[in-house]
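Listed below are the residues making up each chain.
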Amino acid sequence: EAQVTQNPRYLITVTGKKLTVTCSQNMNHEYMSWYRQDPGLGLRQIYYSMNVEVTDKGDVPEGYKVSRKEKRNFPLILESPSPNQTSLYFCASSPTGGYYGYTFGSGTRLTVV
Amino acid sequence: ILNVEQSPQSLHVQEGDSTNFTCSFPSSNFYALHWYRWETAKSPEALFVMTLNGDEKKKGRISATLNTKEGYSYLYIKGSQPEDSATYLCAFYAGKSTFGDGTTLTVKP
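Protein chains in written order, with the numbering used here: chain A, 11 to 123; chain B, 6 to 114.
Note that these hints are calculated values from the structure, not bench results.
Any given hint might turn out to be false.
[Claimed, not checked] Calculated pairs, SDA-like style, for lysine to any residue (alpha carbon to alpha carbon, straight line, at most 25 Å):
#1 K64(B) - Q13(A)
#2 K62(B) - T106(A)
#3 K47(B) - L29(A)
#4 K67(A) - G52(A)
#5 K81(A) - E50(B)
#6 K67(A) - Y36(B)
#7 K101(B) - Q13(A)
#8 K67(A) - T103(B)
#9 K47(B) - Y110(A)
#10 K47(B) - T15(A)
#11 K47(B) - G68(A)
#12 K101(B) - Y110(A)
#13 K62(B) - N34(B)
#14 K101(B) - R78(A)
#15 K101(B) - A12(A)
#16 K63(B) - P105(A)
#17 K64(B) - P13(B)
#18 K101(B) - T65(A)
#19 K101(B) - S77(A)
#20 K101(B) - N38(A)
#21 K101(B) - T106(A)
#22 K47(B) - G52(A)
#23 K101(B) - T32(A)
#24 K64(B) - P105(A)
#25 K101(B) - S34(A)
#26 K101(B) - I87(A)
#27 K62(B) - Y109(A)
#28 K67(A) - G100(B)
#29 K75(A) - V122(A)
#30 K47(B) - G117(A)
#31 K101(B) - P71(A)
#32 K74(B) - G107(A)
#33 K62(B) - P105(A)
Note that the coordinates shown come from a computational prediction; the quantities given were computed from them, not determined experimentally.
Construct all of the structure, not just a fragment, from the sequences and the given hints.
Okay, here's the thing in structure tokens:
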């Protein structure tokens, strides 16, 4: 089944404790992206990757890191999480860019206390 | 920052009612407009990819139209069913995607 797999689904952590949210897609998509969803603010792009070893900032990149060492994986790293990063996170992939729309992962609900 | 607006913000209808909602986007530099259906506790799922002015797409009881010259798209649901209850998102693509806040539809049996 073609899918984007995100883990974990739920995570509660403390301020400052580094964490990684994993994202993997099995569709050989070149483009991958991370979004956060906050009430009243819609989906906002954090980082995106056009292909392996090519990443770029989205609209809200502060406090996040990403890497794209393999085509299928695009982890999101929070080096020192803070409470304002409490949010619902989605990983998404697309064949090329976002012209044809995205396939989304199942989401990660992160709470930073 | 591109402005993509969806209206209404929420909608409550009775089973069997037909309904429609609007996505407004910039009328310049248009590449594509996407509609997604987002059920509670799930991830957004693509409904339509619309690229040409005048496009009309249909999937079962759901259809969408596109007017790129005036910058709007309508999503129609004919004979709403409780399983249609979801948030419907549109995204304007012009090299990158900008999402609207969604219209949340609740269909009462």
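Practice prompt. Against the earlier hints, flag every one the structure doesn't satisfy and list their numbers going up.
Written response: none
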